Amino acid sequence: MEAVVRTEGLTKDYGPVLALDSLTVEVGPGVTGLVGANGAGKSTLIKLLLGLIGSTRGQARVLGHDIATEGAAIRAKVGYLPEHDCLPPDVSASDFIVHLAMMSGLPRVAARERAAEVLRHVGLDEERYRPMGGYSTGMKQKAKLAQALVHDPQLVLLDEPTNGLDPAARDEMLGLVQRIGHDFKIAVIVTSHLLGELERVSDHVVVLDAGRLLRASRTDEFLDATGALLVEVLGDNAHQRMALALDEAGVAATARGQLLSIESPAQDRQGRDPRDLHDLIRDTACDLGIGLVRIQADHRRIEDVFAQEPAEVTQP
Amino acid sequence: MTEPSVIHDLGYRPYSGPRLSQGAIVWSLIVTGLRNAFGLGRSGKSKVLPFILLGLNLFPALILVGVMVLIGLGSLPNGYAAYASSTQVLLGVFVAAQAPVLFSRDLRHGSITLYLARPLPATAYALGRWASLLIATLIFLLLPILLLYIGAILGELDFTEQTSKAAMAALLALLLALNLAGVSGLIASISTRRGFAVVATIAVLLIGNGIVTAIQGIAIDQGESGYAEVAGLFSPYSLYRGSAAAFADGSSIAPPTGSGMETAYVVVFVAIAGLTLGGLLWRYRRVAGS
Chain U
1 MEAVVRTEGL TKDYGPVLAL DSLTVEVGPG VTGLVGANGA GKSTLIKLLL GLIGSTRGQA
61 RVLGHDIATE GAAIRAKVGY LPEHDCLPPD VSASDFIVHL AMMSGLPRVA ARERAAEVLR
121 HVGLDEERYR PMGGYSTGMK QKAKLAQALV HDPQLVLLDE PTNGLDPAAR DEMLGLVQRI
181 GHDFKIAVIV TSHLLGELER VSDHVVVLDA GRLLRASRTD EFLDATGALL VEVLGDNAHQ
241 RMALALDEAG VAATARGQLL SIESPAQDRQ GRDPRDLHDL IRDTACDLGI GLVRIQADHR
301 RIEDVFAQEP AEVTQP
Chain A
1 MTEPSVIHDL GYRPYSGPRL SQGAIVWSLI VTGLRNAFGL GRSGKSKVLP FILLGLNLFP
61 ALILVGVMVL IGLGSLPNGY AAYASSTQVL LGVFVAAQAP VLFSRDLRHG SITLYLARPL
121 PATAYALGRW ASLLIATLIF LLLPILLLYI GAILGELDFT EQTSKAAMAA LLALLLALNL
181 AGVSGLIASI STRRGFAVVA TIAVLLIGNG IVTAIQGIAI DQGESGYAEV AGLFSPYSLY
241 RGSAAAFADG SSIAPPTGSG METAYVVVFV AIAGLTLGGL LWRYRRVAGS
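Protein chains in written order, with the working numbering: chain U, 1 to 316; chain A, 1 to 290.
So that you can see chain U by itself, here it is in the shape it has in the complex (with noise of 0.2 Å):
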């Protein structure tokens, strides 16, 4: 499938600080998280994906357009969520999103259906006609959500959807980002920084640091990727028993609280398959005579990038 945003060697210097260096990712549809520390290049990234600023070097394209020369036709497709507050207090939502409907060129019947429909969409009711200053954090979100959907754009971007919201509101606001991504069949391009929820709705994470790539890949691949196994016994001494008969059988295997976790089979020192480890592992426990009471892969978390050494960075 065509990529929604491709950049390469992407950089931009501000002189003084390199906010985004050499950066070269796809985004593909569904849903992406956007990962880093503040200041890692998330913002400049959006801009300059917006077309809002150039490029110090390379290129990139958003939904087939170049950023350097076809800014306007980019803004026209894509939907822009910003990190902070962007609504005028005196406006109802419901002008408001009309406005900006009409904005991105809908003529005026046109927005006003979109406006209510979207507004219903991302669940702002009868409160979408009192100005917004009155509206909770909640609700103001909503209604930032609902402008970057209004013009029925092929692409959002959503910079810190769940900032500032009650743990209701933000699963939420998670699941209208799931729904935007699957159900509505537009691609989102998500930032947070609490990496258990993009974990939670991302199908990509791409993680930057200090202006370069980190890593980029499936969600699944950064929960899965350890290829460790976690294995719990049953019996007299059997966490012991168990490890001394794997390392003799040539495997690693390390207590972890009540569980004991197997190396994967890439450290593997006589070059195993995942299956015959989990072979291993059965025939193991059944020739010491304890009880197996699961085996199960050794998930990480996406924080565990940043925990690696530099040296294990990781190019797509």
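In case anyone wonders, no lab produced these hints; they're calculated from the structure.
Note that the structure is a prediction, hence the values are computed from the model and not measured.
The C-beta atom is built at its ideal place from N, Cα and C for all residues, glycine as well.
Be a bit skeptical, because a hint or two may be false.
[What the hints assert, rightly or not] Listed next, the stretches of chain U that the computed footprint assigns to chain A, with coverage defined by at least 3 CB atoms under 8 Å from CB atoms of chain A:
no.	region
1	47-53
2	64-78
3	84-90
4	105-113
[To be verified] With a straight-line cut-off of 25 Å between C-alpha atoms, the simulated SDA-like cross-links for lysine to any residue are:
no.	chain 1	residue 1	chain 2	residue 2
5	A	Lys45	U	Gly133
6	U	Lys77	A	Ala122
7	A	Lys45	A	Ala124
8	A	Lys45	A	Ile135
9	U	Lys77	A	Ser21
10	U	Lys77	U	Arg120
11	A	Lys45	U	Glu126
12	U	Lys185	A	Ser16
13	A	Lys47	U	Ser94
14	U	Lys77	A	Tyr12
15	U	Lys185	A	Arg19
16	U	Lys185	A	Tyr15
17	U	Lys77	A	Leu40
18	U	Lys140	A	Val287
19	U	Lys77	A	Val26
20	U	Lys77	A	Lys45
21	U	Lys140	A	Ile135
22	U	Lys140	A	Gly44
23	U	Lys140	U	Arg179
24	A	Lys47	U	Gly134
25	A	Lys47	A	Leu34
26	U	Lys77	A	Trp27
27	A	Lys45	U	Arg130
28	U	Lys77	A	Tyr15
29	U	Lys140	A	Thr32
30	A	Lys47	U	Glu26
31	U	Lys140	A	Ser43
32	A	Lys45	U	Ser94
33	U	Lys77	A	Ile30
34	U	Lys77	A	Ile135
35	U	Lys185	A	Tyr12
36	U	Lys77	U	Arg6
37	A	Lys45	U	Ser92
38	U	Lys77	A	Pro14
39	U	Lys140	A	Ile71
Could you slot chain A onto chain U? The hints should help.
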């Protein structure tokens, strides 16, 4: 038996209708901005000030027209071009109060980001806002001229003479509106605080005019009318008065004399309009890049 009614959730529907050109988008921005400048489409209390000012601005013209028609004077008691000078305080307060509505508001509340993330470039946005303010100011300036003109025609004054005088006044009104919209717009686009923008605009327009008038008065007292004419170049209102006295039926204590000075008045008048608009566009290009 009727079937129970069901609410169908149609789900998300994509939009496949037309998308308008940038020109149409700018036009829509101008119309919305013009409505907002008079408080339309905003809260009830934001309509109060602009309409009170507009009413006060038209009131003398209505009385003049009434007098014209009822008594049947042989000429207009107040010239077309002189009218704006007599209501300059109302005009100054109007642009000072309404320019922040168009410029400071989006900067203050961050909604400028939402405009910039849409097809219009920053300069087109700035031009649209400026045009809204210009048209609002023109409505303020041209309505009284129109009223007086109608009164003059109803009072059966000479049609050709009145038409040419009113047209000249309208042209000068356009120059004044360009100046006022440029100055107040530029100040409002730099200040994100409404109060500061209002005070600064009033200071530049009304206090600036007061200083120029004082200098002109002193210079004439001293018999230095040349200096008085030069001083008049330093404020939009004194430029207007000087130009109105030179080219139309206005009056000034120090009208420009000689074609050199008259040209200087027109050049400076146009230059202020151009420079402030240029400053406005420069300002928004910087906002977009930051």
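ask   = Tell me, which hint numbers fail for this structure?
value = 7, 17, 20, 21, 30, 34 and 39
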